[in-house]
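Same order as they appear, the protein sequences are chains A and B. According to the working numbering, the residues represented by the first sequence are 2 to 331, in order. According to the working numbering, the residues represented by the second sequence are -7 to 491, in order.
Wrong hints could be hidden among the right ones.
What the hints assert, rightly or not - Taking lysine-lysine pairs in the DSSO-like style, the calculated list, with each CA pair at most 27 Å apart, reads:
(1) B:Lys46 <-> A:Lys294
(2) B:Lys46 <-> A:Lys302
(3) A:Lys285 <-> A:Lys67
(4) B:Lys346 <-> A:Lys295
(5) A:Lys285 <-> A:Lys295
(6) A:Lys286 <-> A:Lys302
(7) B:Lys346 <-> A:Lys216
(8) A:Lys162 <-> A:Lys216
(9) B:Lys285 <-> B:Lys426
(10) A:Lys294 <-> A:Lys216
(11) A:Lys148 <-> A:Lys158
(12) A:Lys67 <-> B:Lys46
(13) A:Lys302 <-> B:Lys346
(14) B:Lys46 <-> A:Lys72
(15) A:Lys161 <-> A:Lys184
(16) A:Lys72 <-> A:Lys294
(17) A:Lys216 <-> A:Lys285
(18) B:Lys346 <-> A:Lys143
(19) B:Lys346 <-> A:Lys294
(20) B:Lys130 <-> A:Lys148
(21) A:Lys184 <-> A:Lys331
(22) A:Lys148 <-> A:Lys184
(23) B:Lys130 <-> A:Lys216
(24) B:Lys46 <-> A:Lys286
(25) B:Lys346 <-> A:Lys300
(26) A:Lys285 <-> B:Lys46
(27) A:Lys300 <-> B:Lys46
(28) A:Lys300 <-> A:Lys286
(29) B:Lys46 <-> A:Lys295
(30) A:Lys148 <-> A:Lys302
(31) A:Lys216 <-> A:Lys295
(32) B:Lys130 <-> A:Lys143
(33) A:Lys72 <-> A:Lys34
Keep in mind the hints are simulated off the structure, nothing from the lab.
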Amino acid sequence: MKKYALILALCALLGGPLFAGGQQGSSGAETGKPWEPSRNVDWIVTSSAGGGSDIFTRVISDIMVKEGFSKATIMVTNKTDGGGEVGRAQVANTSSALADHTLLTFNSGDLMPMVKNTPNRIAMFKPIGVLAVDKQLIFINKTSAYKTFQAVIDAVKGGKKVVMGGSKGDDIATYNLLLSEMKWTETQLPYITYDSTNDALTAILGNHVDIVISKPAASAGYVEAGDLLPILALSTERYTGNLSGAPILSELGYKNVEIPVWRGVVGPAAMSAQAQAYWSDILKKVSETQTWKKDYLEKFKLMSDYKTFEEATAYMTKYQADYMAANGIK
Amino acid sequence: MENVLMLFGGFQTVFAFDNLAACLLGAVLGLIVGAMPGIGSLAGCALLLPLTYKFSPTTAIIMLGALYYSNMYGGAFSAILLNIPGDSPAVMTSVDGYPMATKRGRPGQALFVSNISSCIGGFIGILILTFTGPALAKVGLLFGPAEMTSLLLMAMTSVGWLMGENPIRGVISTLLGIILATIGMDTLSGSPRFNFGSLYLMGGIPFIPFVIGSVGFAQIIKIMASRGSLSSQLVVNKLTIRGSLPSLSDLKRLLPPALRSGVLGTFVGVLPGAGATTAAFLGYAAQRAFKSKDPLGSGAVEGIAACESANNAAAAGAFAPLLALGIPGSGTGAVLLGGLIMWGLTPGPLLFSKSPDFAWGLIASLYLANLVALAISAGIIPFLVKILSVPVKLMIPLITVVCFVGSYSSSNSMYGVCIMLASGVLGYILDRNKYPIAPMLLAFVLAPMLESNMRKAFIISGGSVDIFFSRPISLAFLFIMMALILFPVIKAIIRALRK
Chain A
2 MKKYALILAL CALLGGPLFA GGQQGSSGAE TGKPWEPSRN VDWIVTSSAG GGSDIFTRVI
62 SDIMVKEGFS KATIMVTNKT DGGGEVGRAQ VANTSSALAD HTLLTFNSGD LMPMVKNTPN
122 RIAMFKPIGV LAVDKQLIFI NKTSAYKTFQ AVIDAVKGGK KVVMGGSKGD DIATYNLLLS
182 EMKWTETQLP YITYDSTNDA LTAILGNHVD IVISKPAASA GYVEAGDLLP ILALSTERYT
242 GNLSGAPILS ELGYKNVEIP VWRGVVGPAA MSAQAQAYWS DILKKVSETQ TWKKDYLEKF
302 KLMSDYKTFE EATAYMTKYQ ADYMAANGIK
Chain B
-7 MENVLMLFGG FQTVFAFDNL AACLLGAVLG LIVGAMPGIG SLAGCALLLP LTYKFSPTTA
53 IIMLGALYYS NMYGGAFSAI LLNIPGDSPA VMTSVDGYPM ATKRGRPGQA LFVSNISSCI
113 GGFIGILILT FTGPALAKVG LLFGPAEMTS LLLMAMTSVG WLMGENPIRG VISTLLGIIL
173 ATIGMDTLSG SPRFNFGSLY LMGGIPFIPF VIGSVGFAQI IKIMASRGSL SSQLVVNKLT
233 IRGSLPSLSD LKRLLPPALR SGVLGTFVGV LPGAGATTAA FLGYAAQRAF KSKDPLGSGA
293 VEGIAACESA NNAAAAGAFA PLLALGIPGS GTGAVLLGGL IMWGLTPGPL LFSKSPDFAW
353 GLIASLYLAN LVALAISAGI IPFLVKILSV PVKLMIPLIT VVCFVGSYSS SNSMYGVCIM
413 LASGVLGYIL DRNKYPIAPM LLAFVLAPML ESNMRKAFII SGGSVDIFFS RPISLAFLFI
473 MMALILFPVI KAIIRALRK
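Turn these sequences into a full structure, and let the hints steer you where they fit.
Now the structure itself:
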């Protein structure tokens, strides 16, 4: 008998998690009243737990619950198959009542590979809002031979090769824009794509690349410790605080290069207009809380940039059009 | 001496009641999570991370640190008893662990050898971390793309040691691993490769379902195909508590490989991008160069000790770059890094000076977690081995369920299950035709790292191979690699000349 008890116990242990995810609330939206969620909400994140998108999502859903903005239970699920494409395609194709209860964290860094590698486009989603934007800077190691970006420019002009490191998506787009503005080729300023900004920062700390592109939050600790120095802000104005020493390109006689890195939320194309407005309104409320400003924007050195669903739709669509034009995608 | 004082400060932090409780809880959860196939330390930490946001940062990291750490213990349980690695670092453990448990009928000893080696490897790793933490992390930084390429090339030559009797079959298995590893996104150019239009394949073949299938599920197919005639193999000697304790000679045999792998593993753990899995592979491969009483792969104590010690040491070593520089050495490290930010700390070079309580509390908790994990597992081993006395007709459905759940939970989708089933069939066909599986798995882990580092090195050098010879560390590894290749040849020539 003991054997069977053991087997039963094992089965219960293993089977438990499977059933835990299966509960669903009752469905069916009532007409007349303003729309409200009537079942559990599935919030898909297409990168792994603990990463930037995951933290963004969990902070928002936490605030929604704590402040009582939404009574629905929100379940954050990480779907990382196919580099996130599977999760995105799944949300795009969600229909019926589920569509009103499905959210997807969607960033500029998600849009680029999706447009580049799949036939999916922003039109297959209902944008709900944009909450924050980030910009990038170029950093050098404190022991680097180049002390300023002007020195980098001189070196490239003098026929030297300067190696640049960075992460995927946004960083590559910024690199390409920088190349075209400086009229350099990929041989003059070769770019090494790392899996994450952290990997790129590791490379520059070990002096394996000459310059690195990074967002302010990821590099903050190294700048504070004096290991990395900012030499160029890829923005239309200088940063403040310990990043204020980095000039912008227009100060060096070029046009400013700036690719905003945005973080937003979308729903499936089949989401009703009422649900879209409802979620957009909740995100607005979240963006106005102190917790959001202190625990997210300030901590990750992001700029607040709330956009309603109408503004977000226009913004994401234009962003996609620009990206496709710049990369020759039809 | 300063480090020792700081460490005692750390112990004071750990012995506060809530931290102690967190450490114990983390160690127990880690064992469970590690023992369940598919849910490795990465998923375990990721699942628990949101729960810890309410904790103080020190308590939170102590719990997750203990979890990460004791997870390396748990992973060996199912690898040894069921031939299904609980997490990827335990893949190599099953190579000798499973035969020792079944063919040699010494499951209790196999588990004890694995856990004692884990403990030794862990202590070596933590000691090195305590005394050289920040300096060790700086050594890791010296490893750029060129150095990593040479190191990985050297590691790839060690595949030769895993091949078994027939080198040609071994090479074919290795190449198969490389081919499968190239499926998915090209990390440097960001374009999909060999995905045949499938969105799923765009992300490549996930390692955990691949391992569960090709090792564990293939085993099930094999037992089913032989219609229970293998069942006699699973008969185990008397399963008493005393009968599962290791003998003195077992302990003597495990010590040298455990010590060697401890040092090697710590070092591999510090390197960027190489984690506990790579360390276990290298520890096992290195053991080939030393004497083992039984041939490796047939249930040798030395084989289990070499890889289990290495993966625990690597888990400790990975904390050096994480704490000293804010650089994650592995996927789990990246999750912990995300946690640091959530808890309001700035990971990076200032962590040791700005939050010494936190950093040293974590290190102290690793010592404690190591002991707790050993004590708990020693207590449950005599009961665990009873799993083997479950009749085959019940074992098969049970293990099949474990394979399904494990591969599903690796990415929360049926894709993992499909991969598991397909690699199960592949593993069965390979095994039936006497192709070794281990070289395929090793190549699958190492090839993507080798490719991306080599291409990065060529971007830096502008296509010139000089970069591998002009850097001292890289050159040294290339020399060792050549020596490894030429050694058997020269030995054979000398032997021929003597005759």
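Practice task
For the pair supplied as a hint, Lys72 (chain A) and Lys34 (chain A), confirm whether the alpha-carbon distance does not exceed 27 Å.
Solution key: Holds - the C-alpha atoms of Lys34 (chain A) and Lys72 (chain A) are around 16 Å apart, at most 27 Å.
Handout entry: Restraint status (C-alpha distance of Lys346 (chain B) to Lys295 (chain A) at most 27 Å)
Key = holds, 21 Å
Practice task
Could you grab the alpha-carbon distance between Lys46 (chain B) and Lys286 (chain A) and see if it respects the 27 Å cut-off?
Solution key: holds, 23 Å
Handout entry: Agreement of Lys302 (chain A) and Lys346 (chain B) with the hint, judged by alpha carbon distance not exceeding 27 Å
Key = holds, 20 Å
Problem - Given hint Lys302 (chain A) paired with Lys148 (chain A) - CA-CA distance at most 27 Å - result: Holds, at roughly 25 Å.
Problem - 27 Å limit on alpha-carbon distance, applied to hinted pair Lys72 (chain A) and Lys294 (chain A) - result: Holds. Lys72 (chain A) to Lys294 (chain A) sits at ~22 Å (cutoff 27 Å).
Exercise for the section: Quickly compare the C-alpha distance for Lys216 (chain A) and Lys285 (chain A) to 27 Å and report which way the hint goes. Expected result: holds, 25 Å
Handout entry: Holds or violated: Lys130 (chain B) to Lys143 (chain A), with C-alpha atoms at most 27 Å apart
Key = holds, 15 Å
Exercise for the section: For the pair supplied as a hint, Lys130 (chain B) and Lys216 (chain A), confirm whether the alpha-carbon distance does not exceed 27 Å. Expected result: holds, 23 Å
Practice task
Given the hint that Lys46 (chain B) pairs with Lys72 (chain A), test it: the Cα-Cα distance must not exceed 27 Å.
Solution key: holds, 21 Å
Exercise for the section: Could you grab the alpha-carbon distance between Lys162 (chain A) and Lys216 (chain A) and see if it respects the 27 Å cut-off? Expected result: Holds, at roughly 24 Å.
Handout entry: Straight-line alpha-carbon gap Lys285 (chain B) to Lys426 (chain B), limit 27 Å
Key = holds, 24 Å
Of the numbered hints listed earlier, not one is contradicted by the structure.
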